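Trainee: One line per chain: the protein sequences are A and B, in this order.
Start counting the first sequence at 117; every next residue gets the next number (the working numbering).
Start counting the second sequence at -18; every next residue gets the next number (the working numbering).
Just so you know, these hints were derived from the structure itself, not from any lab.
All values derive from a computational prediction rather than experimental measurement.
Hints are not guaranteed to be accurate.
[Claimed, not checked] With a straight-line Cα cutoff of 20 Å, these simulated EDC-like cross-link-like pairs (lysine to aspartate or glutamate) come out:
| # | chain 1 | residue 1 | chain 2 | residue 2 |
| --- | --- | --- | --- | --- |
| 1 | A | K126 | B | D27 |
| 2 | B | K45 | A | E274 |
| 3 | A | K126 | B | E23 |
[Said to hold, decoys possible] Not the full set, but computed from the structure, chain A residues with beta-carbon under 7 Å of chain B:
| # | residue |
| --- | --- |
| 4 | T122 |
| 5 | R123 |
| 6 | A127 |
| 7 | R135 |
| 8 | P169 |
| 9 | R172 |
| 10 | T173 |
| 11 | L176 |
| 12 | A177 |
| 13 | M218 |
| 14 | S219 |
| 15 | L220 |
| 16 | L299 |
Just so it is clear, CB atoms sit at the ideal spot from N, CA and C, and this is done for glycine as well.
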Amino acid sequence: MTIVLTRNRKAFLSEAATRFGISEFEANRVGKGVDALAGNALIVINADGAPTPRQRTFLLAHELTHQYQRLLAGNRAGEVKWMIEGMAEAVGAQVVARQGFMSLEQYKANWQTGISSAEKKPSLSQLRTSQDWSSALSVYGTGLTYKTAGLGNLILLEKYGVQRLVKYFAELGKGRSAGESFLNSFELDMPYFEKDIEILVRKAS
Amino acid sequence: MKFRSSRAKYWVLICLLSIALLTGCASASSGGDNKTNGILIECGADISQDEVADFGRSADETVKYY
């Protein structure tokens, strides 16, 4: 596994283009609004995008989680976007908490408050496909979209533990559908859980 | 059999991560490469040792977490 640290956005995009064998134009397109790009066993990071120790910790834990997810499920890891991105967010929060920068309760409260105070908010069921995710980023913004996915996964993590989340990706890797994988891992129907989170957020508003 | 295969895959993952943790070495050199937990951190120009240390600690903690 290799992590490449670059100083600024220009160096980040140039390094990403070289490492991933893509054009600068493509690197600009895929790197829009992000400070890390990941491929197979390779993560390229814009260090300027994470100026504090807490942010560096969160960013790398998030990206390493994506590596584990791909190891378990290959290209199917992103079948449900709120699961792949949300687990990376929740594990990022866990690792930050373990380093003592911020507690898990603070993360959960911040995410809940951020979601509750937003006028328009996405539900998890609107964050399933890549297309759903892209349009949510435009409609609701990056912060709110990631917080929603993160909160859903933080609740799964608290209730079931990380091994069940790992199991979900292992099940996907065996060729099961996302719904089956979710059911086999958490003994819950995915739409039921999505609705539950929606109710929780609505109550907190 | 399917259950066994799933468990085996999970334990292979855990073993790989543990081997990475046990065999990893941390050697910081100015402006060079750093290896921690079997994860190589390559530094571009002007990356400080503090930044490398933060990313290295995050890698350690994430591997331990899994």
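Trainee: Hint by hint, work out which the structure violates, then give me just those numbers in ascending order.
Mentor: 7, 13, 14, 15, 16
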